Structures are given as C-alpha cells and as structure tokens.
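Residue numbers (the numbering used here), protein chains in the order written: chain X, 5 to 287; chain F, 130 to 403; chain Y, 209 to 464.
Some hints could be false.
Examples of chain Y residues toward chain F, derived with CB under 10 angstroms [claimed, not checked]:
hint	residue
1	Leu216
2	Thr273
3	Arg297
4	Asn298
5	Asp300
6	Glu304
7	Phe306
8	Pro316
9	Ala445
10	Val447
11	Asp449
Keep in mind the hints are simulated off the structure, nothing from the lab. Quick caveat, the model's predicted, so the values are computed rather than measured. Glycine included, each C-beta is placed from N, C-alpha and C at the ideal position.
Each chain, letter by letter, is given below.
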Amino acid sequence: METVAIPTKAKISLIAITKQYITPRTGQTTLAVSDVSLNIQQGEFLCIVGPSGCGKSTILSMIAGLTKPSSGTISMDGNAIHGPGRERGVVFQDYALFPWKTVRENIEFGPRFRDRAPLSTAARRELVDHYIELVSLNGSEDKYPHELSGGMRQRCAFARALANEPDVLLMDEPFAALDAQTRLILQEELLRIWGEELPRDKRKTVVFITHGIDEAVFLADRVAVMSNHPGQIKMEKPIGLPRPRNEGVRLTTDFQKLVDEIWQLIRHDAYEATIGKAGIKQA
Amino acid sequence: MSLEEKTADRTSSPRASGVPSAVSTMLIYLRSMGIFALIWYAGAWWIGNPVLLPSPVAVVQSLFSLIASGEVASNAASSLQRLAMGFAGAALIGIPLGLLMGMSRILYALVDPLIELLRPISGIAWIPLGMFILGVGETLPTAIMFYGAFFPIVINTLIGVRSVDERLIQAAKVLGVGRSSIILNVVLPASLPNILVGLRLGAGAAWTAMVAAELIGAPSGLGFAVEWYRELLMTPSVLAFVFLIGLFGYLFDKLLRALQTAITPWANISREVI
Amino acid sequence: MALSRRFLPFVLPLALLILWQAGVSTLQPGPRTPTPGSVVSTAWSLISTGQLPLAMILSLGRVLTGFVSAAVCAILIGFLMAVSPSIGRNLDPLMESFRPIAPIALLPLAILWFGTGTSAAAFIVGYAAFFPILINTIQGVRSIDPSLPRAARTLGVGLPAIIRNVILPGALPNIFVGARLGLGLAWSSIIAAELAVGAKTGDAGSGGIGQMMFVFYAYSVDLSGIIVCMIAVGVVALVIDRGLRAVEKRLLPWKQ
Ligand SMILES: Nc1ncnc2c1ncn2[C@@H]1O[C@H](COP(=O)(O)OP(=O)(O)OP(=O)(O)O)[C@@H](O)[C@H]1O
Ligand SMILES: [Mg+2]
C-alpha cells in the first residue's frame with residue numbers, strides 16, 4: 005500500500021471521518037460518526053467525553069486500525085493508518101487479558117510474539133520486570149488474570165500496552181469497571197506513569213475515553229466533547245490546569261468551573277440518550 | 130464476576146478444609162455402597178437363583194478367580210488397545226480438522242455438510258456393514274470407536290475456535306502480532322478447554338461403541354467376555370466384567386479430567402454436562 | 209465467488225456419490241454390491257411393503273417406553289438429590305458408580321432377566337437415558353440463583369408454588385439438554401440392543417430396525433438393505449434432535 009503523506013504537524017490527525025455501520029441481517033444503516041475532524045498533538049493527553057452511543061469507541065477503534073472509516077482519512081505522523089500496529093497501543097475497557105497467560109506472560113506478549121523486532125529472552129525479561137515494577141504488580145507476576153482484583157487487572161492491561169513501547173496510547177473507558185476509590189488512585193498513577201514532568205516530546209500521546217467529566221478534566225490537556233445523532237465533536241475545551249496535578253486540584257474553583265461548563269454542554273444529550281425525549285420534557 | 134469469585138473460592142478452599150471433607154466423603158461413599166451391597170445380598174438370598182441374581186460375594190469371588198487366571202488382563206488389554214488406537218486416531222485427525230474448519234470458511238462449507246450427514250448415524254448402526262466389510266476381528270471395534278469419538282472431538286474443537294473472544298484477537302493484533310502467532314498463542318489456547326471437553330465426550334462415546342462392537346463382532350475384549358459368560362449362564366462372571374467395564378470407563382474419564390485441570394489451569398469450567 | 213460459495217456444501221457429498229457409482233461400475237460389480245440405484249430401489253420396496261415403517265415403529269415404541277420411564281425417575285430423583293443435600297450426598301456414590309457402565313454392557317444381564325423381548329430393550333434404553341437426564345436435572349436445579357426462591361418467599365409464596373414457578377422453569381433448560389442427550393443415546397442403544405438380540409435369535413427375534421439390519425447382514429446378505437436402514441436410523445436421529453429443539457423453543461421462550 006502506498007502511504008499518503010498528509011502535511012500536518014499533528015501526531016494523529018482525523019480528517020472528515022464518517023463511519024456507517026450496516027447490519028447485515030436487516031440491511032439497516034447506523035451513522036455512528038459523522039464528519040469528525042480532530043488533531044492530536046505529540047505528547048498531548050486528549051480526553052473524549054460524550055453520551056452513551058455517540059461513537060467514542062468507534063473513533064478509538066478506527067485510530068487503532070481495528071475498524072475502517074467509511075470515508076475520510078486517519079493518519080499518524082503524516083502516514084495514513086491501514087491497520088493495527090505496535091506504535092499504537094490499546095487498553096480495552098474489559099482489559100482483554102489472555103486468561104491462559106499469567107501476568108508476566110500477558111505483559112511480554114507483544115515484545116515476544118509481535119511481527120517486527122521481537123525481543124530476545126533476556127531483553128524481554130528486563131523490560132517486563134521494569135513494567136511490572138512500574139504498575140506495582142510485583143509479587144503477582146505468576147498469577148492468572150482470574151486471580152487478580154479488578155484494579156490489578158487494569159494495571160496488567162496497562163502494562164501490557166506499555167511494554168510494547170508504543171508512541172500512542174489509546175484507552176477506552178479503562179477505569180469504568182472499577183470502584184470509585186481505586187479509580188481515583190489509578191488516575192493519579194496514570195499521570196505519574198505517563199510522565200507529567202517530562203517535556204512534551206518525551207511523553208506518550210494519549211487518547212482517553214471516559215464518561216466521567218471530572219476524570220476527563222483531571223487528566224486531560226484538552227477535552228473533546230461529543231454529541232449524539234449523529235456522532236460529532238461539539239466542542240474542544242483546553243484544560244489549562246497546572247501540572248503535575250494531584251488530589252488538591254479537584255478542590256480548586258477552576259476545576260469545578262471546567263467540570264460544570266462541560267456538564268452543561270452534554271447534559272441535554274446525556275438525558276436524551278438515557279431516558280429519551282419524553283423524559284426530558286417531564287423533567 | 131460472581132463466577133470468578135466462586136472458582137477462586139474453590140481453588141483455595143480444598144487446602145484449608147480438604148482433609149476432613151475427603152474422609153467424610155469416603156465414609157459416606159462406603160456407607161452408601163455398603164447398604165447397596167446388603168440390599169443386593171438380601172435380594173440374591175430372596176430370589177435364590179444364582180443365574181438370575183448371584184450374591185455380591187459370588188461376584189467378588191469370580192472377579193478374583195478371573196484376575197488370577199489372567200482372563201481379565203488379556204481381555205482388558207485388547208479392549209484398551211483398541212480404545213487407545215481408535216481414540217488417538219480420532220484425536221489426531223479431529224483436532225486439526227476442527228481447528229482448520231474454524232478458521233477457514235471455505236473448508237467449513239466444504240466439510241460441514243458431510244459431518245452433519247454422517248453424525249446422526251451412530252457408530253453402532255455401522256456395525257453390520259462394518260462386519261461385512263472388515264469381518265469379525267480386531268479392525269471393526271477399532272474403526273467403530275474411531276467413528277464414535279471423531280464427531281464430538283471435531284465439533285467441540287470447532288465450537289472452541291468459534292467461541293474465541295474477538296477482543297483477545299484484537300488485543301493481539303494491536304500489539305503487532307501476526308496471524309500465525311495469533312493462531313498458536315491465542316486461538317489454540319482459547320479453544321483448549323472445548324477441545325478437552327470434546328476429548329472426554331469422545332472417549333465416552335468410543336467406550337460405549339466399543340462394548341457394542343465387541344458384544345457382536347469381536348473375538349476378544351471386555352464386551353466379548355460379558356456375552357461369552359452369559360451364554361455359559363455364569364452370571365457372576367458376567368457381573369464381574371460389567372464391573373470392569375464401568376471401572377475402566379471411570380478411570381479413563383478421571384484421567385482426562387486430570388489432564389483438563391493440569392493443562393488448562395486458567396479455565397473455570399463450571400458447567401459440565403455429559 | 210458468492211455463487212461458488214453456494215455450491216461448496218454440495219461438493220463433498222456429491223463427490224462421494226459419484227465416486228461410489230464410478231467405483232461400482234469400473235470394478236466388476238458382484239450381484240450384491242450396493243449401488244446408489246440399488247439403495248434407492250431397495251428403500252422404495254422396503255417402504256412400500258411396510259417393512260421399514262413397521263420395524264421403525266417397533267423400535268420407536270421401545271425407545272419411548274424406556275425413555276419416558278427413565279425421564280420420570282431421573283427428574284424425580286434428580287430433584288430430590290439437588291434440593292436435599294443429605295439425599296444428594298448419600299445417593300451420589302451410587303449414581304457415580306453406575307454411570308460409567310456402558311448401557312450395552314448390561315444387555316446380557318437384561319436378556320437373562322427379561323428374555324429377548326421388548327422389556328430387555330426398553331431396560332437398556334431406559335438405563336442409557338437415565339444418567340444424562342439425572343445429571344442435568346441436578347445441575348439445573350443447583351444452577352438456580354438462590355436469591356430467586358428467597359425473593360419468592362419474601363413475596364409470601366408457598367413452597368409448592370415456588371417449585372412450580374421458580375425451580376422448575378429454572379431447571380427446565382438443563383433438563384431439556386439432558387433429555388436431548390438421553391434420547392439420542394437411547395436411540396443408538398436400541399439399535400445395539402436389537403442387533404445383539406438379532407445376533408442371538410436370528411429371524412425369530414422380536415423385530416425392530418436393529419434386528420432387521422442383522423437379518424440383512426447374516427441371512428439375506430443384502431448390503432443395500434443395510435445401507436437403507438443406516439440412512440433411516442440417521443434420519444430418525446435427526447428428526448428426534450430437531451423435534452426436541454423445536455419443543456424446547458416453544459416451551460422456553462425466555463431462552464432466546
Ligand atoms: N459493530 C457494529 N455494528 C452496528 N452498529 C454498531 C457497531 N458498533 C457500534 N455501533 C453503533 O454505533 C454507535 C456508536 O457506538 P460506540 O460503541 O462507538 O458508542 P460509544 O460512544 O462508545 O458508547 P458507550 O459510551 O456506551 O460505550 C451506536 O449507535 C452503536 O449502536
Ligand atoms: Mg464505548
């Protein structure tokens with residue numbers, strides 16, 4: 005396949021992306037994403053929020069190369085994306101850990117079996133040890149996923165994506181299945197591992213999908229707010245809160261203001277997505 | 130989530146409370162079987178006809194004398210040898226065929242109709258034709274066992290491949306892993322639990338088919354011995370061989386179960402349906 | 209491409225048929241060698257003379273007798289074993305000890321006890337069907353979420369109503385799985401039983417499809433007849449399986 009060079013400085017760029025699903029059974033078409041254009045810069049932490057069913061997962065899966073857009077182009081570093089590749093790591097919502105592999109074997113899956121430049125045993129061991137340490141899974145290396153708590157599974161999935169050393173991390177509601185406390189802790193962990201103190205060009209580029217507006221504001225450099233029917237980007241909100249961020253940020257009025265502003269934007273859509281049009285009128 | 134918790138419980142509890150509960154199950158087992166033997170004994174005494182219902186003592190005695198005379202060993206050996214050959218053949222052909230059918234639509238479309246056509250015809254129904262083609266002897270029971278074991282193995286392997294979680298394949302893809310590695314490291318281990326279920330079902334089917342085939346068309350084996358002693362009206366020996374058929378069937382299943390837990394420690398197969 | 213896909217399913221069966229016909233016509237065909245043509249004509253004559261339907265009805269009648277009595281016993285015992293832990297614990301050793309015995313191994317005993325008539329065959333069939341239904345009934349009752357009967361009790365519902373409206377529907381899907389397995393096993397066991405009885409009594413046996421096959425094998429050496437019987441056995445097995453699935457769908461609409 006020829007690679008189309010697209011003149012842009014963005015790390016990842018989506019140009020006029022549309023995605024239509026056709027259900028083969030009924031022949032019915034669903035317009036999941038309509039004319040979305042988005043640029044994501046090197047080292048940027050972008051959060052996407054929006055009501056259920058607005059096409060967030062679809063966008064992420066297209067960036068990952070697992071789904072093809074119906075029209076439009078997605079490129080990374082100026083090269084069009086044609087399929088999944090190790091430079092774009094994905095953390096799935098339900099983690100998708102291999103149940104027959106231990107924590108260690110899950111984490112070394114990419115470095116060991118990937119097509120291009122798999123590592124030697126020794127190099128792999130060192131690398132995997134490093135990431136086990138980084139996500140604090142020491143002592144659980146030889147457990148199977150079903151022997152882990154939800155939070156540990158999440159960290160294992162995260163380490164598996166990181167150990168493949170991608171440039172871009174794509175995360176689809178990675179904390180959705182966790183309890184509130186664990187989620188708060190892992191949010192801070194995520195920022196630490198991402199490397200808040202590092203200069204931009206050393207950081208990984210992150211696309212992070214969430215339902216939690218406060219989670220998005222806490223983590224992101226920029227929040228893209230999506231709307232429903234059809235899935236479109238309604239607004240992009242830069243988050244200027246200083247880094248490194250910690251629990252204290254949540255108490256500041258700036259933080260509260262940003263959360264409230266985004267909530268007002270998607271409130272209507274969210275109600276509509278959940279309880280239907282009739283419900284809104286009553287409320 | 131609750132399923133996972135249950136299995137986590139199960140893996141951790143036997144070590145804690147396993148010893149007393151093993152002893153008590155053993156006691157309950159002995160008690161139940163003891164009561165059964167007593168009822169049997171009383172019934173035999175009541176009927177008073179050792180050809181119709183011999184007492185358990187007579188059965189045990191004849192079992193020992195059959196073991197001593199080497200008859201048990203020779204018949205069991207020929208049955209087990211047939212089982213090994215028929216079953217191994219079915220596994221060696223059935224598993225790869227199931228894997229390939231699961232991954233290639235074309236092969237599936239090609240082979241599946243034939244399987245669906247043949248499957249309803251049980252191995253036992255092949256016995257008369259088989260006797261005609263293969264004659265009474267070694268080959269017939271082996272072939273019938275192969276046939277009986279083959280379908281459960283292929284079909285369960287196929288089910289296994291089909292039920293591989295699409296997310297896991299995607300997860301491997303986004304790590305940059307290629308097709309052959311995915312087959313070897315994702316598809317095969319993911320379908321292993323189903324393959325093992327297929328092996329166990331296949332072994333059961335083969336064992337049943339074997340008894341039928343030996344009863345009618347073989348000059349040796351456990352099934353043959355049962356019928357042989359019935360014609361001689363030596364019911365204690367008949368029952369002794371029936372017991373052995375049950376024992377070997379049980380042991381083989383036990384072996385496969387042990388294999389199941391040994392090589393798929395991650396699988397929490399909680400629903401076991403025979 | 210799409211068109212050739214359509215034809216793929218017919219390729220192998222047709223190829224086998226052609227191979228069979230070709231093999232028969234190139235190798236010198238003995239008068240008894242079955243050909244596709246002779247199988248069809250034998251099938252026609254067996255059906256039109258009523259021989260095949262009659263044998264089939266005899267066999268099916270035995271299967272039904274054995275199966276229904278086995279199902280009644282297995283469901284009752286299974287219910288008791290699952291509901292009462294003490295009954296379950298005490299009967300479990302017996303059930304586990306008898307389950308691995310291949311049903312056909314009991315045929316010689318059944319012949320001793322009941323002779324070569326219908327009751328021996330029905331006994332074997334019942335034995336074959338009993339264990340799958342029993343195991344699946346126990347499994348089905350045990351798999352019911354314990355909060356459901358508890359919820360029913362908090363609503364003031366009595367025990368008989370709970371059994372009828374909570375436990376039975378909850379266990380029914382598994383019972384159906386067991387019944388389907390059991391009926392399939394019963395059908396192949398009846399063939400074995402009748403074959404073996406046929407082998408003992410020859411022409412003078414009590415009939416049924418299995419005995420018919422044995423007579424074709426040992427007396428008239430009619431291979432086409434054997435093949436017709438095999439196909440008939442397969443068709444009945446298929447009809448039984450699909451029929452039970454259809455009934456299951458009707459009775460369990462909540463299981464999509
Ligand atoms: N494979 C598919 N086939 C058909 N329609 C699909 C498919 N996947 C998604 N859709 C439809 O596309 C739309 C967007 O789905 P998507 O999963 O991207 O939403 P989402 O924003 O991630 O929702 P959530 O927040 O609930 O995860 C939905 O209307 C959904 O029904
Ligand atoms: Mg989603």
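Against the structure, the hints come out as follows:
no.: 1; hint: Leu216; result: holds (4 angstroms)
no.: 2; hint: Thr273; result: violated (19 angstroms)
no.: 3; hint: Arg297; result: holds (6 angstroms)
no.: 4; hint: Asn298; result: holds (5 angstroms)
no.: 5; hint: Asp300; result: holds (8 angstroms)
no.: 6; hint: Glu304; result: holds (8 angstroms)
no.: 7; hint: Phe306; result: holds (7 angstroms)
no.: 8; hint: Pro316; result: holds (4 angstroms)
no.: 9; hint: Ala445; result: holds (4 angstroms)
no.: 10; hint: Val447; result: holds (9 angstroms)
no.: 11; hint: Asp449; result: holds (7 angstroms)
Hint compliance for this structure: hint 2 is the single one not met.
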